[in-house]
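Colleague: Chains as they are written, first to last, in the numbering used here: chain A, 42 to 408; chain B, 42 to 408; chain C, 42 to 408; chain D, 42 to 408.
Treat the hints as calculated values from the structure; they're not laboratory data. Small disclaimer: the values here were computed from a predicted structure and weren't measured. A portion of the hints provided could be inaccurate.
Copies of the same chain look alike in the list, so a pair counts if it fits in one copy or across any two.
Said to hold, decoys possible - Distance condition first, Cα-Cα at most 25 angstroms in a straight line; then the derived DMTMM-like pairs of lysine to aspartate or glutamate: (1) K215 x E85; (2) K215 x D324; (3) K215 x D62; (4) K215 x D383; (5) K215 x E251; (6) K215 x D81; (7) K215 x E127; (8) K215 x E304.
Number of protein chains: 4
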Amino acid sequence: MVGGGQGAFIGAVHRMAIRLDGQAEVVAGAFASTPERSLDSARELGLSSDRSYSTWQEMLVAERGLGPSERLDAIVIVTPNHTHFEIASAFVDAGFNVLCDKPLVTRVEDALTLSALVARRGVRFAVSYNYSGYPMVREMRSIIADGQLGTIRKVIAEYHQGWLSTDLAAAGDKQASWRGDPALAGAGALGDIATHAEQLVVFTTGLTIESLAADLRSVVPGRQVDDDALIRLRFIGGATGYLSVSQVCVGEENGLTLRVFGEHGTLVWAQEHPNQLRHARGDGSVMIRSRGDSASGPAARSATRLPPGHPEGFIEAFANIYQGFFAAIRGQPDAVFPSIADGVRGVRFVERALTSARHDGGWMSFE
Amino acid sequence: MVGGGQGAFIGAVHRMAIRLDGQAEVVAGAFASTPERSLDSARELGLSSDRSYSTWQEMLVAERGLGPSERLDAIVIVTPNHTHFEIASAFVDAGFNVLCDKPLVTRVEDALTLSALVARRGVRFAVSYNYSGYPMVREMRSIIADGQLGTIRKVIAEYHQGWLSTDLAAAGDKQASWRGDPALAGAGALGDIATHAEQLVVFTTGLTIESLAADLRSVVPGRQVDDDALIRLRFIGGATGYLSVSQVCVGEENGLTLRVFGEHGTLVWAQEHPNQLRHARGDGSVMIRSRGDSASGPAARSATRLPPGHPEGFIEAFANIYQGFFAAIRGQPDAVFPSIADGVRGVRFVERALTSARHDGGWMSFE
Amino acid sequence: MVGGGQGAFIGAVHRMAIRLDGQAEVVAGAFASTPERSLDSARELGLSSDRSYSTWQEMLVAERGLGPSERLDAIVIVTPNHTHFEIASAFVDAGFNVLCDKPLVTRVEDALTLSALVARRGVRFAVSYNYSGYPMVREMRSIIADGQLGTIRKVIAEYHQGWLSTDLAAAGDKQASWRGDPALAGAGALGDIATHAEQLVVFTTGLTIESLAADLRSVVPGRQVDDDALIRLRFIGGATGYLSVSQVCVGEENGLTLRVFGEHGTLVWAQEHPNQLRHARGDGSVMIRSRGDSASGPAARSATRLPPGHPEGFIEAFANIYQGFFAAIRGQPDAVFPSIADGVRGVRFVERALTSARHDGGWMSFE
Amino acid sequence: MVGGGQGAFIGAVHRMAIRLDGQAEVVAGAFASTPERSLDSARELGLSSDRSYSTWQEMLVAERGLGPSERLDAIVIVTPNHTHFEIASAFVDAGFNVLCDKPLVTRVEDALTLSALVARRGVRFAVSYNYSGYPMVREMRSIIADGQLGTIRKVIAEYHQGWLSTDLAAAGDKQASWRGDPALAGAGALGDIATHAEQLVVFTTGLTIESLAADLRSVVPGRQVDDDALIRLRFIGGATGYLSVSQVCVGEENGLTLRVFGEHGTLVWAQEHPNQLRHARGDGSVMIRSRGDSASGPAARSATRLPPGHPEGFIEAFANIYQGFFAAIRGQPDAVFPSIADGVRGVRFVERALTSARHDGGWMSFE
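Okay, chain A solo, but in the shape it has when bound (with noise of 0.2 angstroms):
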């Protein structure tokens, strides 16, 4: 692991995902941007000290001297984003399996040179958009794969969050500064939370984006990235949508939900009640579909746990996208994980928008 060290909320979360099935332990790693406070998180996570780490160099010459048996399956790449592209592009390089944090990078250009990279090198590579590791998220996908909602015609995605309603960079928060800082985030709420709404939309309903117009603001004075945006899509095909991402919207929490209609039915999912599922029909009949039941395609019972009724949350969620990185790196063909085809389409995204943006919010081709 590189990043995620004391204090970093998203680490721990990667950690307690790999724990949580017993199929991988973290065993090395390189938790911080100084020396000091990466051996100091590795002691407090009990690491051997010959694989603490003071830097992800130090720890890249280390690893890769290994043999076979006992390098590293894979790295898993917690950092800020603008320090993706130098390490990741570095263990790829050296051959190793890589799990990176969304977004993948910070510009289109690093993104293909990365996705070239990967390719050349062979090895496995995830970015953990684990929005789309839920169950009912899966089975989304699967319904509509499936066809039971013809014609996609209208997708929202919102993506509400009130934390940076005030100006918590300026009150010292450690990761508000980060993620307020454009040259260390590349974007706001953009890069944040809008590329997970991207991805979700496209795993869930397989549509292509042809093009997009972004409005970004930032409302909270004094930040530098945007806070809030509208984006909306047109999709290859004829359906159109739209993604409503904020982080100042007060008393939301992490506010994402994924509404897909179609020309025979209605898919309705909320991540801060994942396990349910809500799906109306032509025929005017509403289900309440809940996660592990009867109904239950392939694609959600393989990323259950637990019976219907013993609630699966964000960490099992998490945990669903290193079972597909697992199984994709022990060699099983259809794995389903987020890939860097999702991770480059993602800065795209980012691009795309920001783009927009600058033109009075115009519509800007995807690719």
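Using the hints provided, position chains B, C and D relative to the given structure of chain A.
Modeller: Quick look at chains B, C and D alone, frame taken from chain A:
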């Protein structure tokens, strides 16, 4: 009453709303576009034959000839949109108070002409934006006017229906027919439901629309008017918002919701569960308010008939519009009801949105 | 109308329910226990002075003297419980149709006497168990009668309110006062709300109570009647159930819910969101039914005024009771309304529950 | 770990809960009732062969022979109920800390014997009442302990499942089989789920049960244990309550809910949406609390891994039980976990309920 004869949904609703509080009754009418159906409807409603009219013109002539004590206190116009202007103008010109269905008329110049006539004649004129009659909508307005949300940041109104998911007009549905004819309705979802959403936003927030941009679509093949729309709003003062409107969302019934996000709090209301109001505050607390609860302000209280927990619904809200209108007729100076100014603004809103759509969804100044 | 004068909550509800559908109007009344308040109330309601009575006795004498075409079609009795018997008996004896508030009377022998009189006089007699007027309650009844749940296993009705959480009677609240006086009300929560729950259970399931056992409490110090109860039920055929009833549950408004569990399915309905009905089936599917949806049976449809998504509420349900009663008066043979048999059963239910409570909550046979 | 081999639902849950926080791992086990399946399970779990045991007796002998640093820190017992006593006693007697599934044992005298042994040996002994690990359950407990509800008036716990709606044991389901055999399980729904409800009530309210009365039924033909129950409770101090418990409620998944009504407020929690807590207060306000929100007290916070809006579920709650148990093993004096006292009380609760049921549901003093 003009219009609203046999089989007309909204005419029957008006009559229930009128009767509910026992302040008025329907005593005269020309209920349909043919004399025969008009008289049949009047008979069914139990009207005395001397005030059952074949046409609205006949009714106008007869009723304006009556003395002040016998004259109708008000005329209710519930005919298809394209007829509103002629009928309303005639009755206003004759000095009658009028309550007219929305959208007020189909052309901005007619709206302005009618508005000027109303001012000249000094009559009371209401437009049936019935959703603003809900007590918790009025509570939202009070909370915002009271400054509890601070500066408004973002406003989201959705109005999603599914009843036009298929081509009902082709299948012979009468309502769908006139509403789907551009000549008779002026617009589709835009005039029918987006105007409600627009009025709710302005009514509750007190904001003024500076400009708008509209994406309109006709999703169902063969439909000649818009059935799906996204209308973005910029308000004077910097707030933004959007209206998502559709009549082709399978499984949606009458899904009108309103969310107002402010600097210090958020309010969420949904028409299908109108007796509740969610109020999140900047301190992290979330309150579920209930119609008639002890925290209700005077505006909500005076629009409430029953204690909390005894659900009120659509008809009661509609009747609140009549209560305000009747109060104004009786001379109450601060009576709350949607006025001709709301009606004019709604017509302009439709016109501006249609113009934006013709210009590839570009921004149009509102005034 | 007898009773229901100034400030009486339920009298005003009756009048709105009567007016809603325009089938009847209140034209005569003795509205209060003193002549002065009676006449004041009549004046406020705009009644003609010759049918505004000082007392119900005066009204009885005057109205029974009128010819068949001028006579009142029905009498509505909304006085405190202990007066129902005398008033209802007198009007029934004079040949009037009567709709009386529940509980019908305060003593079983009076209930039987009145019932016999009703049969002898051949009048229509309704008891205002208004919750059975909700369309989705009628849909529950149809689904169960249709056998879709198979054998009923368990029935849970809750009726939890909080308005008597403190000693309102001591604080001078008029309603709380008579309802809290054993001599005037007969019982507390038992008569006031448990009877509603009992009627809903029997109405929807069609089951017959074989025996019951009641735990009654007076939770608030100083209260002389029960304010909290658990009443267990055994039905003929083996099903069981219970009613949990309370008026001291802080934060509960009018929390009447009904759950019926059968061999093949479960139905769940909640009065505070009356337009929905949850139907879980043995195959694991869960449907959310909506008032007026296309699956609605004729009983629900005929009790429905608006399309789905346009909420109906308490008054509309109340008006459905009147619709059934008026239909019966017009001679419709299959009119649905709560009859005197329901009223008698409710009085017996209260008596059996009080008896059980006096015997330490032991089981009492119901008939 | 003893028990929990291939196909055992709860064993896998224990292992995920153990792994989640990385504080412990399963390193030895006797996982099934036959040596072959035990060793197969151990192999599947990747245990080293020298700590993969054929039987728990073999495991006991081998492990108690190890030195203090190599010895197991704790034994987890997840076998069928009737075997708990023998296994737990043996390991406790050998000085091991034990976490045992509930119900602790099947006879009160065994519970007392075991409890005395635990005291004598000075080991840590936890019972897996996992629902008390939910953060919002702990928040309920804090709010009540803090006096915010005032005097408790009424407590309602429901635990409704539907998975035994048909005769699964006859159909060959393994879990249903031992749980449906009176000799192996001791009781049906009573031991399996009512004990959870009882523990939640006592844990959150701090009340002491004075007496109880139980109606037990076997609804499904052929079933030998109870599958449906209503258990009434009287608490010392005057509060009352009941547990409604069933495994034959079609459509119910794991419907455990808890409502506590006090003089000054009401708390409502539902296991299927465990991240929320409803708190109504005497001033008429209703708050929706969210796991991890800023109002959370220390008990809830320390049981929380993620920010609000990132759902935690069943496994996380289960892991909180282990966290408390591990903390106690490490010597933390105020570690919170369900202790052997809870286990003993649960066994007594089952015994008292069975006794009451044999006496026609009469009241039984609890101690």
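Colleague: Next, verify each hint and record whether it holds.
Modeller: Hint by hint, here is what the structure shows:
no.	hint	result
1	K215 x E85	within (20 angstroms within a copy, 43 angstroms between copies)
2	K215 x D324	between (51 angstroms within a copy, 21 angstroms between copies)
3	K215 x D62	between (31 angstroms within a copy, 24 angstroms between copies)
4	K215 x D383	neither (28 angstroms within a copy, 43 angstroms between copies)
5	K215 x E251	neither (37 angstroms within a copy, 38 angstroms between copies)
6	K215 x D81	within (18 angstroms within a copy, 48 angstroms between copies)
7	K215 x E127	within (22 angstroms within a copy, 54 angstroms between copies)
8	K215 x E304	between (46 angstroms within a copy, 22 angstroms between copies)
Comparing the model with each earlier hint shows violations of hints 4 and 5; every other hint is respected.
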